Amino acid sequence: MLSTFMREVYDRLSRQGRVCQCQRNGVNGISGDCVRCHHDTYHGTYDSSVYGCDNFVRTYILRYMAAHVCMAQYSMENTPALAERLHSRTHIRMVSLGGAYGNETIALLDLVHRSNIPARVTAFSVDRAVTWEGYHDWMVPRFCELCGIRNCTARFVKADVTSPANRIGADVVFVPWILSEPYAKAYQLRILENAVKLASDDGFVIVMDRAEDAPFGVVDGLLDKLQGVDILDVADCICRPIYVEIPANILNEYNPKRWFRTSYRVIRKAAQAA
Numbered sequence: 416m417l418s419t420f421m422r423e424v425y426d427r428l429s430r431q432g433r434v435c436q437c438q439r440n441g442v443n444g445i446s447g448d449c450v451r452c453h454h455d456t457y458h459g460t461y462d463s464s465v466y467g468c469d470n471f472v473r474t475y476i477l478r479y480m481a482a483h484v485c486m487a488q489y490s491m492e493n494t495p496a497l498a499e500r501l502h503s504r505t506h507i508r509m510v511s512l513g514g515a516y517g518n519e520t521i522a523l524l525d526l527v528h529r530s531n532i533p534a535r536v537t538a539f540s541v542d543r544a545v546t547w548e549g550y551h552d553w554m555v556p557r558f559c560e561l562c563g564i565r566n567c568t569a570r571f572v573k574a575d576v577t578s579p580a581n582r583i584g585a586d587v588v589f590v591p592w593i594l595s596e597p598y599a600k601a602y603q604l605r606i607l608e609n610a611v612k613l614a615s616d617d618g619f620v621i622v623m624d625r626a627e628d629a630p631f632g633v634v635d636g637l638l639d640k641l642q643g644v645d646i647l648d649v650a651d652c653i654c655r656p657i658y659v660e661i662p663a664n665i666l667n668e669y670n671p672k673r674w675f676r677t678s679y680r681v682i683r684k685a686a687q688a689a
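Note that our numbering has the sequence shown beginning at 416, numbered continuously upward.
Note that these hints are calculated values from the structure, not bench results. None of the values given here were measured: they were computed from a predicted structure. Beta carbons are placed, not taken as given, at the ideal position from N, Cα and C, and that holds for glycine. Heads up, some of the hints might be wrong.
To be verified - Derived DSS-like pairs (lysine-lysine); straight-line CA-CA distance at most 27 Å:
{"hint": "1", "residue 1": "Lys612", "residue 2": "Lys600"}
{"hint": "2", "residue 1": "Lys612", "residue 2": "Lys573"}
{"hint": "3", "residue 1": "Lys612", "residue 2": "Lys640"}
{"hint": "4", "residue 1": "Lys600", "residue 2": "Lys573"}
{"hint": "5", "residue 1": "Lys672", "residue 2": "Lys612"}
{"hint": "6", "residue 1": "Lys640", "residue 2": "Lys600"}
Claimed, not checked - Listed next, with one range per pair, are the computed distances between beta-carbon atoms:
{"hint": "7", "residue 1": "Asp552", "residue 2": "Arg605", "range": "25 to 33 Å"}
{"hint": "8", "residue 1": "Arg676", "residue 2": "Tyr598", "range": "17 to 25 Å"}
{"hint": "9", "residue 1": "Pro556", "residue 2": "Glu499", "range": "38 to 46 Å"}
{"hint": "10", "residue 1": "Ile532", "residue 2": "Asp645", "range": "21 to 29 Å"}
{"hint": "11", "residue 1": "Gln431", "residue 2": "Ala663", "range": "17 to 25 Å"}
{"hint": "12", "residue 1": "Lys640", "residue 2": "Glu660", "range": "25 to 33 Å"}
{"hint": "13", "residue 1": "Ala686", "residue 2": "Val633", "range": "22 to 30 Å"}
{"hint": "14", "residue 1": "Lys640", "residue 2": "Asp617", "range": "43 to 51 Å"}
{"hint": "15", "residue 1": "Thr419", "residue 2": "Gln642", "range": "41 to 49 Å"}
With these hints in hand, go ahead and build the complete structure from the sequences.
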């Protein structure tokens, strides 16, 4: 079902063409080419205003979405305690900090669909870049429609992930790539503390980022500072092919990721004493 859905995404978004609005409007233009923009910004040599460019975020989806969905699913399916929890719940709650267009939401929904988990799903994608909202509000409901999922509530929440979080009792909280964003580097510990606060007692937090050593050299030090958590899994440099068919025109024009390469950490919030 994910391949069927992604074909719709590729067709709809690629028909809009690849025209850089940044230079045309004099806003943070890098090279005049949105694909080149992604190459040039990969190592953090940019500010977060690039996410205000609709063409940049659309190109981001075309290049990375399939790989990122497979990546998020891998971490859930290959953490036995988390997989067991998801299969045992009648109501699964998930939050993604820096969740953009709903990548982790779709990863969870696809897992629920493929595994025939009869659970209600409530998911929140928290991001301060409102440019993602329209894509989230089209893609998540459309994926549910294709899968026949009727018991899902998914919301895009415009908020800064560094702001204080309310406890909502999430079964799983994703922290995907946000810690290596340039603007977030001064707030990394706060973001992790927010993620733990959002999780339920005995809930899970998945910290996922680039496979390079640099992000996780910092992350591992920060995790040692967190109170009331256990580190369940340390996965470094996981590299796998994606299982989504990509049309030839997308391969030629956008050079999307056909493999995912990532590192992640899975931590579990300790249950509170009665």
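Going through the hints against the structure:
no.	hint	result
1	Lys612 x Lys600	holds (19 Å)
2	Lys612 x Lys573	holds (18 Å)
3	Lys612 x Lys640	holds (14 Å)
4	Lys600 x Lys573	holds (20 Å)
5	Lys672 x Lys612	violated (33 Å)
6	Lys640 x Lys600	holds (16 Å)
7	Asp552 x Arg605: 25 to 33 Å	holds (28 Å)
8	Arg676 x Tyr598: 17 to 25 Å	holds (24 Å)
9	Pro556 x Glu499: 38 to 46 Å	violated (29 Å)
10	Ile532 x Asp645: 21 to 29 Å	holds (25 Å)
11	Gln431 x Ala663: 17 to 25 Å	holds (18 Å)
12	Lys640 x Glu660: 25 to 33 Å	violated (43 Å)
13	Ala686 x Val633: 22 to 30 Å	holds (28 Å)
14	Lys640 x Asp617: 43 to 51 Å	violated (21 Å)
15	Thr419 x Gln642: 41 to 49 Å	holds (44 Å)
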